[in-house]
Amino acid sequence: MSYHNILVPVDGSETAYAAVAKAAEFAKAFGSKVTVVQVLALDPYIAAEYISANQTNDLIERARTSIVESLDAAKAKFHEQGIEVETKLLEGQVVHREIAKAAEDSHADLIIMGSHGRTGFKKLFLGSVAQSVLGESHIPVLIVRE
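The working numbering applies: residue 6 is where the sequence shown begins, and numbers increase by one.
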């Protein structure tokens, strides 16, 4: 099997960078196109004006700046391996749905993402984006832990 388009969701964590390293291995082996994404989760109460009237919000703009820096850091790690990537900042209220939609939109045939490996109460309260992507996506997902 060959993977032509790989989607790599990141969040700036070390676990995400472990997924970047694994995605670089796959991209080199298969000559794959790589798209790196990160989701700006928009809380409807905080971002109401931003969403409906396209107004600016200082908190959202600071988050956007942080995400762009995270995407640039991931892009640099791919460039160190000689791999060109496309980066996308996604916006939405449900992170795993935005990732699954981005995979479909980019015609990805593989998603490689990190998982923090939370269990028990932490998983119950914090959720698992990786687990949710597994349930939402019809595209194969490779989960990488540190």
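Hints are computed from structural coordinates only; laboratory data are not their basis.
Careful, some of the hints might be misleading.
[Stated by the list, open to error] With a cut-off of at most 20 Å between alpha-carbon atoms, the simulated EDC-like pairs for lysine to aspartate or glutamate come out as follows:
1) K82 with E151
2) K106 with E96
3) K38 with D77
4) K106 with E141
5) K82 with E19
6) K93 with E151
7) K82 with E141
8) K38 with E89
9) K33 with D48
10) K80 with D63
11) K33 with E74
12) K38 with E85
13) K93 with E74
14) K93 with D16
15) K27 with D16
16) K27 with D77
17) K38 with E66
18) K38 with D63
19) K33 with E96
20) K33 with E91
21) K38 with E109
22) K80 with E141
23) K106 with E91
24) K93 with D77
25) K33 with E89
26) K27 with E96
27) K33 with D114
28) K27 with E85
Hints, verified against the model:
no.: 1; hint: K82 with E151; in the structure: holds, 16 Å
no.: 2; hint: K106 with E96; in the structure: holds, 11 Å
no.: 3; hint: K38 with D77; in the structure: holds, 17 Å
no.: 4; hint: K106 with E141; in the structure: holds, 9 Å
no.: 5; hint: K82 with E19; in the structure: holds, 12 Å
no.: 6; hint: K93 with E151; in the structure: violated, 24 Å
no.: 7; hint: K82 with E141; in the structure: violated, 28 Å
no.: 8; hint: K38 with E89; in the structure: holds, 8 Å
no.: 9; hint: K33 with D48; in the structure: violated, 38 Å
no.: 10; hint: K80 with D63; in the structure: violated, 26 Å
no.: 11; hint: K33 with E74; in the structure: violated, 24 Å
no.: 12; hint: K38 with E85; in the structure: holds, 16 Å
no.: 13; hint: K93 with E74; in the structure: holds, 12 Å
no.: 14; hint: K93 with D16; in the structure: holds, 12 Å
no.: 15; hint: K27 with D16; in the structure: holds, 15 Å
no.: 16; hint: K27 with D77; in the structure: holds, 17 Å
no.: 17; hint: K38 with E66; in the structure: violated, 29 Å
no.: 18; hint: K38 with D63; in the structure: violated, 34 Å
no.: 19; hint: K33 with E96; in the structure: violated, 29 Å
no.: 20; hint: K33 with E91; in the structure: holds, 15 Å
no.: 21; hint: K38 with E109; in the structure: holds, 14 Å
no.: 22; hint: K80 with E141; in the structure: violated, 26 Å
no.: 23; hint: K106 with E91; in the structure: holds, 16 Å
no.: 24; hint: K93 with D77; in the structure: holds, 10 Å
no.: 25; hint: K33 with E89; in the structure: holds, 11 Å
no.: 26; hint: K27 with E96; in the structure: violated, 25 Å
no.: 27; hint: K33 with D114; in the structure: holds, 15 Å
no.: 28; hint: K27 with E85; in the structure: holds, 14 Å
The structure fails hints 6, 7, 9, 10, 11, 17, 18, 19, 22 and 26 (numbered hints given earlier, in ascending order).
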